[in-house]
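**Q** Could you build the full structure based on these sequences and the hints that come with them?
Residue-level listing of the chains:
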Amino acid sequence: METTTSTTKGYRPMEYASEEGRLKIFGFWIFLGAEIVLFSTLFATYFVLVNQTAGGPSGKELFEIKIFAMETFLLLTSSFTCGLAVLAMRKQSKRGYFGWMGVTLLLGLGFLILEIEEFAMLVEMNAGPTRSAFLSAFFTLVGTHGIHVTLGIAWVTGVMIQVWKRGFTPVTSRKIFMTGLYWHFLDVVWIFLFSTIYLLGVA
Amino acid sequence: MKDFLFNFKMPEYFFVTGDPLIYGAYVSIVLVSLGILFVLTYYKKWGWLWREWLTTVDHKKIGILYLLAALLMLFRGGVDAILMRIQLTAPSLNFLDADHYNQIFTTHGTIMILFMAMPFLIGLMNIAIPLQIGARDVAFPALNAVSFWMFAAGAMLFNISFVLGGSPDAGWTSYTPLAGNALDPGPGQNYYLLGLQISGIGTLVTGINFLVTILKMRAPGMTLWKMPLFSWSTLITSVIIIFAFPVLTIALALLTLDRIFGFHFFTLAGGGSPMMWANLFWIWGHPEVYIVILPAFGLFSEIFSTFARKKLFGYKAMVFSMLSISALSFIVWVHHFFTMGSGPWVNSIFSITTMLIAIPTGVKVFNWLFTLYKGRIEFTTPMLWALGFIPVFLCGGITGVMLSSAPADYQYHNSYFLIGHFHYVLIGGTVYGCIAGLIYYWPKMFGFIMNERLGKWAFWWFTIGFNMCFIPMYIVGLKGMTRRMYTYPAGLGWESWNLIATIGAFGMGIGFMILVWNMYYSFRKGQRDTTGDPWNGRTLEWMTSSPAAEYNFAIIPKVKGLDAFHLIKKEKAAGVKEEEVELKPIHMPKGEAFPVVMSGFMFIAGFGFVFEWLQIGAIGVLGSIITMIWRSFNDYDRDYYIPVEEVRKTELAAGRRV
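In the order they appear, the protein sequences are chains S and P.
For the first sequence, our numbering begins at 1 and goes up steadily by one.
For the second sequence, our numbering begins at 1001 and goes up steadily by one.
Treat the hints as calculated values from the structure; they're not laboratory data.
Since the structure is predicted, the reported quantities are computational estimates derived from the model, not experimental observations.
Don't take each hint at face value.
Chain S residues, not near chain P, derived (Cβ > 12 Å throughout) [what the hints assert, rightly or not]:
| id | residue |
| --- | --- |
| 1 | K24 |
| 2 | K66 |
| 3 | S79 |
| 4 | F80 |
| 5 | G99 |
| 6 | L135 |
| 7 | V202 |
Far from chain P, some chain S residues (derived; all Cβ distances over 10 Å) [said to hold, decoys possible]:
| id | residue |
| --- | --- |
| 8 | L122 |
| 9 | V159 |
| 10 | K175 |
Residues from chain P that face chain S, not an exhaustive set, calculated with beta carbons under 8 Å [as the list claims (entries may be wrong)]:
| id | residue |
| --- | --- |
| 11 | I1242 |
| 12 | I1250 |
| 13 | T1256 |
| 14 | L1257 |
| 15 | Y1636 |
Where is the CB? At the ideal position from N, CA and C, for every residue including glycine.
**A** Structure, rendered in structure tokens:
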């Protein structure tokens, strides 16, 4: 893909231009690997406990297709717009970056609001995390993803402010690229959450 | 809101009372703290402490900080051990009561594994790895400082438990339901959860840091197959850390949620599964024992090859056996609870995978022996520790194979036989490796060699004491003595063995004290290392001066093969002219306050959650997040260049031609 934007041999996009940038991006990939182990452990825990409802409600009674379908739509779209924002950064388009990243943030916020509403609804129905082992595992797994999205929103916002002040430099473009990786990663995790927790839950 | 802000739970637990030992501890903590404050103020050392140590990002200094912490923790864990041994010297003693004994074996185990063995090895990695691969620092120097300070915050949190709130007392494995809120209320177990959580994050970061460092920052010419064995073992250990530590993070977080917020992961009442803790714990815990043994294997490999004056025998086989050990380490965890009803099929499979580990380990032992074969062996102190390691580790390994057989394990499980086994591998392997590595790298750290005579005294006291202490444990274990019992009646045939074990424990204590005395003695009178290569070493770290300059290498060496420095020395002896290379300004990172500040906030957060004071916990978490944001916004201009003139001056002072 890089070769299409430049014909010079050895061309590197700005985030990879410095040794420091290359090391940090590689390190971040490894960190995401550790995050996969983290989420895998939570998934395993969930599947051990999924039938332990202790007489309380099960996923089938609790999950609402409309809500989680909407959440999925928002998050998957945000991943797409995030990709566009990183492409805009590669093309040195500040307008494109801020525009698409802004859309990403709004979609992420929308996702978060839906999730918080869902959690509040469950707690109101006396189906909070302390109700049963199944609900403990559900809230912890989905909540950990939610906390990651929250931190992601804060991080993207922080990076946007830095780009606003400093423009695209090797350091800021590295940060943009890394927030992009992180955001896509959250999306991948959500695909697993959506298909194994919600879809299997209502099946 | 007011209820939230001023809700201080469990005030009755805050100060531990009732035992004269504890009051003594309070007094000595206050006095020592005042003493430190006074000395720092009187000698005007605050600025020095802040600039040179608290904000340093230099891997060599961070390594020294790790080692200092590890030695302190070795002392603390050792005192715990001595207290337990005194209590068990004779039948029906009342030196410690049952509660106190439970706390002490819990802190002993936890501290020795997580706050002694891990930082000891990570400290040695910090000191040696960048030098060994010809790099100027690790990949992420500031994160390296974060790792250390997170570890320090976790260790400190764990250690204050014995005066504020009471120590955890459910064993280092912290099995549920025993460790759950119903059976173990109060802050004790929370200390375990939060202390390990905070330091565990630091360890994960170390794993990532060293993986990237070793994969991406090796000197030109050093392909993976030309990399020294300690670097290989660190690389493999880093991979294990990255895959294992997130599991611990989750396990601890789930139990914390259970205890503080009433979740039901491990409580039967809400449908939770106590066995899940055992599984999660050991999915991390078994790889963890390889995390603490593989770097020691790496150190032994360096030491054997250096002092046998030979290339390591079977280099590739050594690497492949470490790789297979690391893979196997993830598929053996059930052998820690064969007796907990997994059924014959599961037990058989895990028995076999466990036995398989003996094969690569055996390959390594034979390779070390063949390295010695026909070598010109020099019996220096590091070499003595390395040579001592082989028989004791073999003894631990063979009893390990005995334990791996599931049907037989029903007999050994949780007996002193097991205690004997894992102390033989962990002390015989890890501690021997740590001490050997410490003495080996000591001149590189401080510029003087530890006294050999005192070193040998320490070795023999420790080794004889060690065998006296733990051989009896195998025997009383087979005679039916179970682990974690705080006292026993007379007439079971255990008395004389327990007495011998206690005497042995004191022997080990004397060995440790000679070692520490040796540090001070050699600082005053030890032989200075002016060459930077006191052992006639074979790898690149011995090419630098002792202690190495801030930038490690003025000119990054070119690597032509395994044992790179040995080859360079040979070329030089053969009269091959060195290439003239122009000095260039050296790019270095600046010191940072952010790691120590953020870890300070994590400490506050941890302390708040221990007592379930959520407002304090929130302040700590918020503080560390704000510190991180501050760091992100100040991520510019974090480096500087050392000018050529200064490099030349330093190099000339070290007696080098530039």
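**Q** Against chain S, with CB atoms and a cut of 8 Å, does the hint on T1256(P) hold up?
**A** Violated, because the Cβ-Cβ distance from T1256(P) to chain S comes to roughly 11 Å (cut-off 8 Å).
**Q** Any CB of chain S closer than 8 Å to the CB of I1250(P)?
**A** holds (4 Å)
**Q** Please verify that the nearest CB of chain P lies beyond 12 Å from V202(S)'s CB.
**A** holds (20 Å)
**Q** Identify whether the interface hint at L1257(P) stands, where standing means a beta carbon of chain S within less than 8 Å of its own.
**A** holds (7 Å)
**Q** With d taken as the least Cβ-Cβ distance between G99(S) and chain P, does d exceed 12 Å?
**A** Answer for G99(S): holds, closest chain P Cβ roughly 23 Å.
**Q** Report holds if the minimum CB distance from K24(S) to chain P is greater than 12 Å, and violated otherwise.
**A** violated (7 Å)
**Q** If we take the beta carbon of S79(S), is the closest beta carbon in chain P still more than 12 Å away?
**A** holds (22 Å)
**Q** Under 8 Å is the threshold here; is the Cβ of Y1636(P) close enough to any Cβ of chain S for the hint to stand?
**A** Hint holds; Y1636(P) Cβ to chain S Cβ min 6 Å, cut 8 Å.
**Q** For L135(S), is the shortest CB-to-CB distance to chain P above 12 Å, so the non-interface label stands?
**A** violated (8 Å)
**Q** Is it the case that V159(S) keeps its Cβ farther than 10 Å from each residue Cβ in chain P?
**A** Given a closest Cβ separation of 8 Å, the condition is violated.
**Q** Taking C-beta pairs only, is F80(S) more than 12 Å away from all of chain P?
**A** Per Cβ check, F80(S) is outside 12 Å of chain P; nearest 26 Å; holds.
**Q** Classify the hint on I1242(P) as holds or violated, based on whether any CB of chain S lies nearer than 8 Å to its CB.
**A** holds (5 Å)
In the structure shown, a violation is registered for the earlier hints numbered 1, 6, 9, 10, 13, in ascending order.
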